[in-house]
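A.B. asks: Spelled out from the first residue to the last, the chains are:
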Amino acid sequence: MQYLPFVVVAWILSVGLYGIVTARHLVQQIMCLIVVQSSTYVLLLGVGYVTGAVAPYYSDIPVHTSAVDPVVQALALTDVVVEAAVTALLLAFAIQAHKRFGTLDPHELVELRG
Amino acid sequence: MTPALRRGMFFAGLAGFVAFYLWGLAGLPGFGRYPGPYGFIINRIAVGQTNATGVVSAVNFEYRGFDTVGEEFILFAAAAGVATVLRHLRGEQEGGRDEASPEASVHATSDAIKLSSLLFVGPAVLMGWFLASHAQTSPAGGFQGGVLLATAFALIYLSGEFVTFRRLSPGTAVDAAGAVGAAGFAAIGLTAVILGFPYLYNFLPLGTKPGAVSSSGTIALISFFVGIEVGAAFILIIAELVEQKLLVSGRGAR
Amino acid sequence: MDQLPVLSVVVPLLVAAGLTACGWLLRPRRRLLDAIGIATCAAVVAMLAFLMTRVARGDEVYWFAGFRPHRDVAIGIDFAAGPLSTGLACLAAVMVLSSMIFSWRYFDEISTYFHTLMLTFLAGMVGFCLTGDVFDLFVWFELMGVSAYALTAYRPEERGPLQGALNFAITNSVGAYLMLSGIAVVYGRTGALNMAQIGATLSRHRPDGLVLVAFVLIISALMIKSAIVPFQFWLADAHAVAPTPVCVLFSGVMVELGLYGIARVYWSMFGDALGHRATVSSLLVVLGLLTAVVGALFCFRERHIKRLLAFSTISHSGLFLTGIGLLTPLGLTGAAAYVIGHALVKAALFLCVGVVLHRVGSVNESWLHGRARHLRLTGIIFTVAAIGLADMPVFATWLGKGWIEDSGNTLGKPWITVIFVLASVLVGGAVLRVAGGVFFGLGDPPREDPGMAKGPGEETAETLSGREHTPLTMLVPAALLALGALGVGLIPKLGSVVEAAVVRFQDEPGYNATVLRGLQVTHPVAAAPSAPAVVTLLSVLTGAGSVAASVILALVALYWRRVPVLRRYGLEPGAGLVGVVRGLQSGIVNDYVTWIVFGLACIGGALVLAIR
Amino acid sequence: MTPAGPNLVAARLAAAVVTPYTVRPALMDVLQVSILVIVAAGATIVVLSKTPVRQVIALSSYGLLLALLFLAFQAPDVALSELTVGAIALPALLLLTLAKVQGRRK
Chain A
0 MQYLPFVVVA WILSVGLYGI VTARHLVQQI MCLIVVQSST YVLLLGVGYV
50 TGAVAPYYSD IPVHTSAVDP VVQALALTDV VVEAAVTALL LAFAIQAHKR
100 FGTLDPHELV ELRG
Chain B
0 MTPALRRGMF FAGLAGFVAF YLWGLAGLPG FGRYPGPYGF IINRIAVGQT
50 NATGVVSAVN FEYRGFDTVG EEFILFAAAA GVATVLRHLR GEQEGGRDEA
100 SPEASVHATS DAIKLSSLLF VGPAVLMGWF LASHAQTSPA GGFQGGVLLA
150 TAFALIYLSG EFVTFRRLSP GTAVDAAGAV GAAGFAAIGL TAVILGFPYL
200 YNFLPLGTKP GAVSSSGTIA LISFFVGIEV GAAFILIIAE LVEQKLLVSG
250 RGAR
Chain C
0 MDQLPVLSVV VPLLVAAGLT ACGWLLRPRR RLLDAIGIAT CAAVVAMLAF
50 LMTRVARGDE VYWFAGFRPH RDVAIGIDFA AGPLSTGLAC LAAVMVLSSM
100 IFSWRYFDEI STYFHTLMLT FLAGMVGFCL TGDVFDLFVW FELMGVSAYA
150 LTAYRPEERG PLQGALNFAI TNSVGAYLML SGIAVVYGRT GALNMAQIGA
200 TLSRHRPDGL VLVAFVLIIS ALMIKSAIVP FQFWLADAHA VAPTPVCVLF
250 SGVMVELGLY GIARVYWSMF GDALGHRATV SSLLVVLGLL TAVVGALFCF
300 RERHIKRLLA FSTISHSGLF LTGIGLLTPL GLTGAAAYVI GHALVKAALF
350 LCVGVVLHRV GSVNESWLHG RARHLRLTGI IFTVAAIGLA DMPVFATWLG
400 KGWIEDSGNT LGKPWITVIF VLASVLVGGA VLRVAGGVFF GLGDPPREDP
450 GMAKGPGEET AETLSGREHT PLTMLVPAAL LALGALGVGL IPKLGSVVEA
500 AVVRFQDEPG YNATVLRGLQ VTHPVAAAPS APAVVTLLSV LTGAGSVAAS
550 VILALVALYW RRVPVLRRYG LEPGAGLVGV VRGLQSGIVN DYVTWIVFGL
600 ACIGGALVLA IR
Chain D
0 MTPAGPNLVA ARLAAAVVTP YTVRPALMDV LQVSILVIVA AGATIVVLSK
50 TPVRQVIALS SYGLLLALLF LAFQAPDVAL SELTVGAIAL PALLLLTLAK
100 VQGRRK
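Chains as they are written, first to last, in numbering that gives the first Met the number 0: chain A, 0 to 113; chain B, 0 to 253; chain C, 0 to 611; chain D, 0 to 105.
Hints were generated in silico from the structure; no laboratory data involved. Among these hints, one or two may not hold up.
What the hints assert, rightly or not - Heads up, simulated DMTMM-like pairs for lysine to aspartate or glutamate below, C-alpha to C-alpha not over 25 Å straight-line: (1) K49(D) with E107(A); (2) K492(C) with D1(C); (3) K49(D) with D104(A); (4) K412(C) with E571(C).
Take these sequences, add in the hints, and give me the full structure.
C.D. replies: Below, the structure is given as structure tokens:
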């Protein structure tokens with residue numbers, strides 16, 4: 000149990016990378032990139048977790064209650080925004096690429112090589 | 000690279016990399032045993048220092064506020080990038096806007112979907128607003144609120160009212176809103192500089208009681224601007240994609 | 000004045016937002032838009048230059064919102080401006096300024112987006128240089144990345160830019176997520192994000208798997224950005240197709256920023272904690288030299304001039320990494336001087352290519368043969384810059400290269416010099432071949448290369464009107480940059496000044512004390528024995544020799560049909576590499592990600608085997 | 000402001016305080032383990048989905064699973080963002096893109 004979250008992180012990262020390498024459709028490749036990134040959320044939050052602690056919100060609990068690390072949560076939030084931004088940009092590229100190449104197979108999106 | 004070679008190389012590499020990665024992860028203190036000190040210190044001091052009971056928001060907008068400035072501008076740059084890449088190019092005509100009514104393009108929308116989408120617009124806007132203005136007390140904030148606001152606009156589109164959608168979100172206004180949101184955050188930081196404090200210093204009165212809506216000084220204000228910028232950026236992105244789907248025809252320059 | 004570090008980031012961001020907010024107002028007033036962009040860049044250059052005079056005395060640490068560290072624990076984010084980081088940020092600002100001047104009325108598409116993205120790119124680069132917080136480093140890395148992806152695809156009406164931008168974005172995003180994983184792993188051990196604090200905490204433990212893995216994850220991301228073999232494939236795809244003013248930034252500073260990142264994290268977080276300096280040094284040097292050779296070979300066989308320059312950037316990136324990887328003050332001093340010289344020279348080359356593209360409408364060397372003869376001044380600037388790139392003595396490039404070689408020789412690694420000369424000769428030969436063929440019509444007209452048979456009209460979209468003359472705004476920056484590379488090399492005592500900055504940069508305990516306790520460390524102790532950065536006879540000889548060899552190689556490449564041996568066997572110089580290069584540089588992003596995974600495994604495996 | 004001293008003090012402090020709001024550790028363990036396993040399976044399903052549209056639906060559900068996981072990790076803030084972005088906004092963008100590129104095949 001102690002290391003299960005981290006094993007899951009490695010697993011998500013591996014399947015995501017596998018997806019990127021084998022994808023034959025750009026939009027699917029972008030989704031696999033999202034999966035790769037999701038491994039970082041799990042890692043961040045897993046690293047900052049404290050057994051038996053509550054969420055870091057002190058609205059209705061005493062100030063000295065033990066809470067999990069708020070910093071990793073802030074980092075994960077930033078990470079989510081980055082994900083949204085990069086994905087939106089990649090999708091815009093994909094739309095234009097489809098107009099120019101007539102396909103979204105990464106193996107055929109090849110204008111310059113060598 | 001042949002597919003077989005690629006697969007072989009990938010799996011060989013992946014096996015090595017994952018073994019290596021797991022070896023590193025095994026050096027962590029174990030799940031649930033976060034050693035501190037950063038988070039624990041913040042948890043101890045945040046409420047007293049900022050009067051915000053949502054410590055994550057305090058970290059996002061105060062202790063690590065500059066990260067969030069960068070984050071907002073990542074989203075801003077991405078929206079500008081989407082608009083750049085999807086701008087109307089020479090040789091691409093807009094078909095459909097005038098000849099056929101835009102509704103015709105989404106004729107598949109059934110009345111049930113239309114009605115239910117429209118019914119959800121109000122609550123979505125309300126929720127977005129609520130989330131954006133309660134960063135200091137609850138697990139919400141400008142970001143989540145902004146996305147929800149944008150979703151409300153997406154619902155309008157889903158209901159088939161694309162013309163309404165465009166009327167509510169004309170390009171320049173959304174551009175400007177996004178820019179104002181992003182700049183507002185950076186400018187609040189700069190105001191502190193002008194007042195003689197370090198950048199992003201929380202110079203507003205913190206309020207008297209932790210957790211009140213008007214508490215926490217600049218945190219609530221920043222969260223509000225973040226909400227505007229995120230909402231505008233997402234609306235811009237959605238609008239660009241929708242426009243691509245509906246209006247632009249032609250094969251482009253080549 | 001204390002606010003300079005933060006202002007140099009926030010001002011371009013605010014102006015970028017302002018430009019977008021007033022887009023409807025500015026779009027018809029193109030000159031005003033250009034002027035605002037240029038003025039902003041100039042302001043940033045001025046701020047950073049002034050900051051440099053301040054930090055020459057001691058690093059300045061800026062705590063956001065005033066959260067100073069308490070008992071060696073950082074609560075907020077800091078900017079730690081030292082001479083090296085400020086200098087690189089200033090170089091980045093100079094590059095953005097010159098490409099903004101070059102693009103004065105360059106694009107026909109009238110829109111505020113180009114300026115907005117250039118300014119966010121600038122802010123990202125400056126923030127990346129100055130920050131002292133590892134997650135903040137990631138944020139600026141991403142801002143830089145997102146702006147750069149969008150700028151690459153600035154001409155989405157063509158196929159190439161889209162392919163380049165997609166490959167660039169996907170590979171670099173994978174890299175960014177690896178970096179973030181590394182940061183999270185370090186955070187799990189230390190509970191800190193401030194680089195100085197992480198360094199202090201990590202060095203209390205014995206180096207173990209966690210430190211090693213975090214190190215590899217973070218530097219791999221930076222190596223992807225700086226195009227180190229085997230992570231280099233995206234670079235040629237992106238550089239070849241980005242608008243010329245953007246190429247200047249990519250080659251001139253963005254790649255080098257990745258290398259700076261490696262140096263920064265090594266000398267603040269990992270250096271003391273990791274130990275095993277010899278092993279780490281060998282790893283970086285081997286990767287650097289491999290990159291230098293691979294890049295030079297790819298460069299020599301290329302006929303697309305922008306791609307050729309991109310491959311030369313890869314080769315130089317390897318040379319810089321070697322300088323950093325020696326882990327000596329002299330090596331890093333050399334790398335710093337080399338980066339300055341290379342940025343100026345490479346920017347001048349790219350701007351000249353931009354002029355050719357503007358006037359003649361092609362960047363294909365074979366097609367262009369002799370067709371740019373009327374661009375005399377451009378040809379002269381290009382040739383001067385090409386000679387500078389081949390490490391001609393007195394250019395800053397030559398100084399830097401000489402110091403890296405000196406440092407290698409002191410460490411008993413003379414073969415570094417051999418590989419450096421080889422790479423310089425190949426790259427210099429290729430660029431001089433272009434200069435001779437395109438601008439002076441030297442050599443036999445080459446036969447059309449079927450794979451690259453591009454006539455004019457393929458790459459004309461950057462400019463449409465005013466092709467009859469070259470605007471001064473295009474030529475003056477190019478000339479100034481080329482002369483600047485010469486001028487920097489002539490600054491007296493450049494070596495000792497840079498070396499003093501480098502010694503401070505490499506002084507990990509000193510950096511920690513400055514950041515965490517606000518101490519001014521005046522007399523840092525060098526971690527490695529320091530050799531003075533002086534001009535030696537050997538470096539004059541290798542510099543002059545490599546230029547001579549480059550010229551000969553260029554002439555052989557131009558007139559190879561007149562060399563009997565080569566003609567009899569049809570041995571066109573570089574032609575044998577075409578198949579290899581086409582196989583490797585496939586343009587398929589799936590392959591590139593495969594190489595990333597494979598490279599990670601190799602680097603990790605090599606370190607594990609060497610350290611255990 | 001009195002930041003805590005060495006890490007150990009803070010860690011012990013964290014371990015010692017128990018609140019009535021804490022779910023019993025054993026129960027929490029079971030909850031977290033099961034969601035973790037489901038998330039891992041979800042990621043696999045997303046990657047192995049054959050057609051793009053199915054993959055979007057899988058991705059959206061995966062976003063929902065991640066949001067649940069983050070709730071179990073005591074991160075409601077991140078859960079809310081993941082819900083709005085990962086489960087709603089991004090799938091919407093992806094579907095719009097697919098609608099554009101699949102409507103007109105070459």
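A.B. asks: Now tell me, hint by hint, if it's right for this structure.
C.D. replies: Going through the hints against the structure:
1. Annotation: proposed proximity of K49(D) to E107(A) holds, straight-line Cα distance about 19 Å (limit 25 Å).
2. For the hint pairing K492(C) with D1(C), the CA-to-CA distance comes to about 28 Å; that exceeds 25 Å, so the pair is violated.
3. Using a Cα cut-off of 25 Å, the hinted pair K49(D) and D104(A) holds, with the two alpha carbons roughly 14 Å apart.
4. About 33 Å separates the Cα atoms of K412(C) and E571(C), which puts this hinted pair outside 25 Å; it is violated.
Checked against the numbered hints listed earlier, the structure breaks hints 2 and 4; every other hint is satisfied.
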